[in-house]
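**Student:** Dock chain B against the given chain A, drawing on the hints supplied.
Chains A and B, in that order, give the protein sequences. All residue numbers for the first sequence refer to our numbering, where the first residue is 48 and numbers rise by one. All residue numbers for the second sequence refer to our numbering, where the first residue is 48 and numbers rise by one.
Treat each hint with caution, since some may be false.
Since the list gives no way to pick one copy over another, a pair counts as held whenever it fits inside one copy or between any two copies.
Stated by the list, open to error - Cut-off 25 Å, straight-line C-alpha distance, at most; resulting in silico cross-link-like pairs (DSS-like, lysine-lysine):
1. Lys278 x Lys294
2. Lys249 x Lys304
3. Lys111 x Lys250
4. Lys294 x Lys304
5. Lys221 x Lys234
6. Lys609 x Lys278
7. Lys234 x Lys468
8. Lys609 x Lys249
9. Lys118 x Lys221
10. Lys475 x Lys562
11. Lys568 x Lys255
12. Lys367 x Lys294
No lab work stands behind these hints, which were simulated from the structure alone. No experiment lies behind these values; they were computed from the predicted model shown.
Number of protein chains: 2
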Amino acid sequence: MPTYLRRFGKDAAQIVEPVPSDIDVAQAVEPAHITQVASAAGFHPDDVLQHGPHKAKIDIGALKRFPASNKGNYVVVAGITPTPLGEGKSTTTVGLCQALGAHLNKKVITVVRQPSQGPTFGIKGGAAGGGYAQVIPMEEFNLHLTGDIHAITAANNLVSAALDARMFHEATQKDEALYNRLCPADKDGNRRFSPVMLRRLKKLGIAKTDPNELTPEERTSFARLDVDPEKVTWRRVLDTNDRFLRKITVGQNPTEKGMERVTGFDIAVASEIMAVLALTTSLADMRERLGRMVVATDRSDNPVTTDDLGVGGALTVMMKDTIHPTLMQTLEGTPVLVHAGPFANIAHGNSSIVADQIALRAVGNDGYVVTEAGFGADIGMEKFCNIKCRYSGIDPDCAVIVATVRALKMHGGGPPVVAGKPLDHAYKSENVELASRGTCNLVRHIENARGFGIPVVVALNRFATDTEAELAAVKAAALAAGASDCVVCEHHAKGGAGAADLGNAVARVCEEARKGPSTFKFTYPVEQSLKEKIEAIATKIYGASGVSYSALAEEKIALFTKQGFGNLPICMAKTQYSFSHDATLKGAPVGFTLPVNDVRCSAGAGFIYPLIGDMPTIPGLPTRPAYYEIDIDMETGKVLGLS
Amino acid sequence: MPTYLRRFGKDAAQIVEPVPSDIDVAQAVEPAHITQVASAAGFHPDDVLQHGPHKAKIDIGALKRFPASNKGNYVVVAGITPTPLGEGKSTTTVGLCQALGAHLNKKVITVVRQPSQGPTFGIKGGAAGGGYAQVIPMEEFNLHLTGDIHAITAANNLVSAALDARMFHEATQKDEALYNRLCPADKDGNRRFSPVMLRRLKKLGIAKTDPNELTPEERTSFARLDVDPEKVTWRRVLDTNDRFLRKITVGQNPTEKGMERVTGFDIAVASEIMAVLALTTSLADMRERLGRMVVATDRSDNPVTTDDLGVGGALTVMMKDTIHPTLMQTLEGTPVLVHAGPFANIAHGNSSIVADQIALRAVGNDGYVVTEAGFGADIGMEKFCNIKCRYSGIDPDCAVIVATVRALKMHGGGPPVVAGKPLDHAYKSENVELASRGTCNLVRHIENARGFGIPVVVALNRFATDTEAELAAVKAAALAAGASDCVVCEHHAKGGAGAADLGNAVARVCEEARKGPSTFKFTYPVEQSLKEKIEAIATKIYGASGVSYSALAEEKIALFTKQGFGNLPICMAKTQYSFSHDATLKGAPVGFTLPVNDVRCSAGAGFIYPLIGDMPTIPGLPTRPAYYEIDIDMETGKVLGLS
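Bound-form chain A, shown alone (with noise of 0.2 Å):
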C-alpha cells in the first residue's frame, strides 16, 4: 500500500483479510501528527488551530491566504435509494480520497459530515467509513471532536430559556415595568438601547435610539414579543439518542407560576444552528443568520426572531469558534476537512460551505474537493444542488453515485433488507435478472444529476457475493443511462488501492467537464412559489404527477408567503427509502402524488422545508445499546467496543 503516510515517517496499515472490526483497523495504524497533515494540505501554520496531536481546526482565515481564482475540481459524492444496512457512501468518499491522495499522486481533501454522538452509543455506531477506508482516530471523530456540536447545544438551549423566561417576564410584569427593566438606568441615571436591541426598533420601524424618547405605544410594542404559546416552534435539544424527551410539559416547578408547556428535545444535529453553520459563508453572514432564526409567531402572525429576543449576538459570540472546520486524516494520512452534520430530512443534510471553500482553494485548479451528500441523491444531491451550491455559488464538476448490486436487487423487486437480520438468500447468490430490474432505480438517479448539468461517475462497491455477470449488467445500465463510467471499487477490503480505477473515472470526468463553461443548473428558480418549488422537486426529481396538502400545510404555505419568507429555496423533508413519500414503493415509482402534511421554515439557515410523513427527530435506545460495549483499556489508554 503506497501512501502518504510514509512522508510523515509514519508505516500504513498492513492489509489483513478478512476485514477486522473497523476500531480495531482504525487503532492498528498511528496517525501522522496533525501539523504534518496541515502542512502537506498546504496550511499556514498560524491557521491552524491544533486540538492535541491528531485535529486541529483550520481558522477561516484561511480563505485569504489562496488565491481567490483557485477552484479545485469539486466532486460530490451521493448514492442510490438505500437499504437499512447502507451502499457505503461515506466509505466511498474516504476511499476515493485515498485513491486520489495517497495513490494517484493528485491533491485531494475530503469534506465530510460530523456524526452526532447520540447513535454512537445506540445503535448505529460510528460513521467514519469503514474498513480500510476510514477517517481517523476514528473515536475522536465519533465523539466530541473539537466540541462543534456541544456548542450548537448550548446555543440552541440558550435560545429556549430566553423564550421560556421572555414569556414569563412578559406575562407577570405591566408595559412600564417591562420596558424599565428591558432598559435599566445606569448608576447616573442613563438608559441605553443594547446594539441588538437597535435591530428590533429597526424591524418595528421605530427610528429612535434614546430610551426616553418613545412613546408608550412604542415602548409596548418593542417590549412585548407577545408570543402565542401555542405557535412556539424553537424546541430544545441534546445529542443524546432520550426518547422520553420526545414530547414533555415544562415550567411545572411553582417559581415558574403555572405556565406550564408542552414542548420536547430533538437531537441535536437537528438544531436550525447546525444548518445554520453548514450554509454561512463568513462570521458576519452567521451573525445575520443566527439573528433571523424564527422561534415563533406572535398573536399578530408576525414572526419572532432570536435577535427579537435579544439573543443573536450571544449566540455568535458561542458559536464563534465552530466555523472553523476540523482537519483530521484518512488511514493513508490525506487530509480530511470534517464540518457540520446538518439532519438529511428536516435539513439538507451536507457538510459545510465554509469546508469546502477553503478546501477547493487549497488543494487549487488541479486539486480534487470531494464532498458527500447524505441521504439517497433524490435528497442528497438534490438539496446539496438546490441549497448548498445555490447559497455557496459554486458548481460541481463531478457526482459520484455509489450503487451497490444487492441494494438494486432489493429495487428489482427483492425481499426487504432489515438491519440486524440475516440477509435473504436472493442478495448472496447470482441473479442478474433481478439486479437488472433494479437499475432502474440507479437510472433515476443518473437522470437527475445529468438534469443538474453535472457528469456521472457510478461507485459499484463490490462484495464478495457479487458476480462478474451481475456487475456487469449493472454497467450496462448505468452507461446507457448516461453515466461518464461505471466503476467496481474495493476501497473497503484495499484501502485507496480498491478506488483507484474509480480515482482515475473521476480525474477523467473532471479534466472533461472543465473544458467547457459549466453546464450546472437548478431545479427551480427561488422566486417561484412555495408550491411551484414543492412541485418542481416532487415531480422533476422524484417522479410524482403531483402534489396535494393538507389544510394545516396550505395555512403554513399562506403564512410563510405572508411573513415574506416565500423567495427561500425548498427542504423536503422525505424519506430515504424511496424516491416516493412511501418507504415500501423501491425502485423508480411512478404516479403517485405526495402528500405534503406541514410545512415549517428555517429562516436563519434559509429554507422552508415541507413535511412529506412523520420525521423523528430524536432517537431512542434498544434494550442493549452499543454502550454496554464501551469502555478503556487501563492499560493502553484505548478505546474499546466503538463500532
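**Tutor:** Just chain B now, with coordinates in the frame of chain A:
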C-alpha cells in the same frame, strides 16, 4: 509592572486608573503562546495538548515526568462569610499568584475551577478574577474552554436516557425476552456477557460467565433492575440558566406508551459527574467512580448504579479527555490550571485533585500551588480539608482567608447588602466600631482553619473608602485570633504588585510551617456514623449547639447506612451567607440548632450531602440578561460585552 510576559516577548498591561471593565483590561494584553507558558512551567511538549494558541490540556501523564517526592507549598484561598457582592476571592487567588510568580520570582501555578457557562449569559457574568488580576483570555475561560463541561453534560444525559429507556424496556418485555435481548446470540449462535455485565453479575453474587448457564431466577435478577420510578434520583443537566426545566414531565409522546415521569434538569456543574472529575485521582479511579454512581433505588431498597445500567465504561470514554487539566495564564503570564467546577452546596466546590497533584509536582518543593475553595471558609475550606484533602492525601501548608472591611461591617450589624442596589452610607464612610464588631466572623474562620492545623494569612482587599483605622482594627483582631499575618491587598487595581506583601507573607508562613511535621487534621474520622459526622461539622465549624433531622432525613440516613454508604465523608449543602442555616444570621452566631431536611448520596463522587434548606440547582434568566450586550465585533473578531 515587571512581569513574566517579558520572557515571552509580550508587553505587560498598562495600569489605568480607574480600572476599566474586566474585558477591556483582559483584551488589552496579548497573551503569550500557551506552549511558552507550558515550557516555562516545566511541562514536557508531549504532555501539552494544544487547544488553539492560548489553551492547552496538560496530560495527566505529566505526573510521571516529575519526581514523586516533589511537593510544592500548598496554599488554599478561602473567604469570610460573603456579602452578595463577593469579596474578591478569585481575584485574590490570581493576584497572589501574579505576585509570587511575576514579582517575587517564585515558581507558582494557580489552580481554579471552570465556571459554568449558564451565568455568563444570565446575571453573574464571568469568573476569571477581575481588574488587573485575571485569567486570560477571559472569553475563552468563560465560554466552552476545552469542552469538559460539555462532556459532563453529554455523559450525565446518557445516564438519564439509559435509565428511562431501561425502565421502558423492562416494563414492556417479559423476563426471558429481556434477557435474550440483553445477551443476544451472534451470527454463530454464541452469546457472551460484555465486561460491564460481569460487574453486575459479581454484585449479584452470580459466579458464571456463560449467559447460557444462568438459571431462570438468575436471569431475572440479572435482567431486571426493577427501578422504583418514585425513587429515581438522577436528573438531566444543561449548562444553561433554564428555569422552565426545574420541574418537568417526560415520556409524553405516544411512543413511550404512557410511561410519564416527573423529573427535572439541573445546571451541568451540579452533575455528580462534575464532582467525580474533581475528586478522581487517575483514569482507573474515574472508571470505578463513574460506574458506582447511584441513579435510583430498586423496589427492594437496593441502590441501582450506572454499571448496573451498563453505561460506566461509555461514561469513562466520554470523559477521558476531561481528566487532563487546562492550562491558561494570568494577565502577567504566570501559569493557571483550570479544572472542574463542582457546585459548592450539593457538591464540594473545589477544583480538581488531579490539577493540584500535577501542579504540586511541577512547581517542585520550593514552588507554590494556590487553589481556591468556593463559598465562605465554613463551607469551601471545610470541604477542601475533609473531602478533597482526605481523598488526595495531600496536606495544605497555608490558608489565605479573604476579607473586606465592607463585609465585616455587614457582620458587625450594618444594613443589608443587596446586589444591584446602591451600597448604604455605612459602607462608604469610616466606622471603626462597626468593622471591629464584625471581625467576629473573620475570627471564627481563622479559628476553624487553626482547628484544621493550618496556619492562616488574612488577605484584606482594600476598597477606596476603607480608612487606615478600619484596616488596623481588622488586622489587630486577626492577629489576636491566631492568624500568622494580615495583609492589605490592591491587586485589583495594581496587579501582582498590589499583592506582593501578601505573597511575601504566604511565603514566610509556608516556610515556617514546613520546618516541622504537618499539623493538619480532619474534623472527623470517616468511620463515625453519618449523624456523628454531621454533628461534628455543625458544632465544631458552624457553632451550632446541635442538629435536628426531619423524618425524611432520618429515613435516608438509615437507608444509606444500610446500603453501605455510612463511611463516606459529609458534604453539607448550606447557605454561604451565614455560619448557620439562616442567611440573615450574620457575624458569628451560636446556640442555633441546624435543621437537616433531607440527605442525599453521591456514591461515585464519594460523599453524603445533607440538605440544610432548599438548594436551587438551576438558575433562571432575569428580564434583561447579560446576553443583550454580548456580540462580536465583525471588524476585529473580538467578543464584546462579556463582564
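**Student:** Run every hint past the structure and note whether it holds.
**Tutor:** Now for the hints, and whether the structure bears them out:
Taking identical chains as interchangeable, the C-alpha atoms of Lys278 and Lys294 lie at most 25 Å apart whether they share a chain (16 Å) or sit on different chains (22 Å). In this assembly of identical chains, the alpha carbons of Lys249 and Lys304 never lie at most 25 Å apart, being 33 Å within a copy and 48 Å across copies at closest. Taking identical chains as interchangeable, the C-alpha atoms of Lys111 and Lys250 are never at most 25 Å apart, the minima being 34 Å within one chain and 60 Å between chains. In this assembly of identical chains, Lys294 and Lys304 lie within 25 Å of each other by CA distance both inside one copy and across copies; the values are 21 Å within and 12 Å between.
Taking the shortest alpha-carbon separations for Lys221 and Lys234, only the intra-copy value of 23 Å comes in at or below 25 Å, while the best inter-copy value is 67 Å. For the identical chains of this complex, Lys609 and Lys278 are intra-copy neighbours only, at 16 Å inside a copy versus 51 Å across copies, given an alpha-carbon limit of 25 Å. Taking CA atoms no more than 25 Å apart as the test, Lys234 paired with Lys468 passes between copies only; the shortest distance there is 10 Å, against 70 Å inside one copy. In this assembly of identical chains, Lys609 and Lys249 lie within 25 Å of each other by CA distance solely inside one copy; the values are 19 Å within and 65 Å between copies.
For the homomeric pair Lys118 and Lys221, neither the shortest alpha-carbon distance inside one copy (58 Å) nor that between copies (60 Å) is at most 25 Å. For the identical chains of this complex, Lys475 and Lys562 are neighbours neither inside a copy (43 Å) nor across copies (80 Å), given an alpha-carbon limit of 25 Å. For the homomeric pair Lys568 and Lys255, neither the shortest alpha-carbon distance inside one copy (45 Å) nor that between copies (65 Å) is at most 25 Å. In the homo-oligomer, the alpha carbons of Lys367 and Lys294 never lie at most 25 Å apart, since the shortest distance is 31 Å inside one protomer and 32 Å across protomers.
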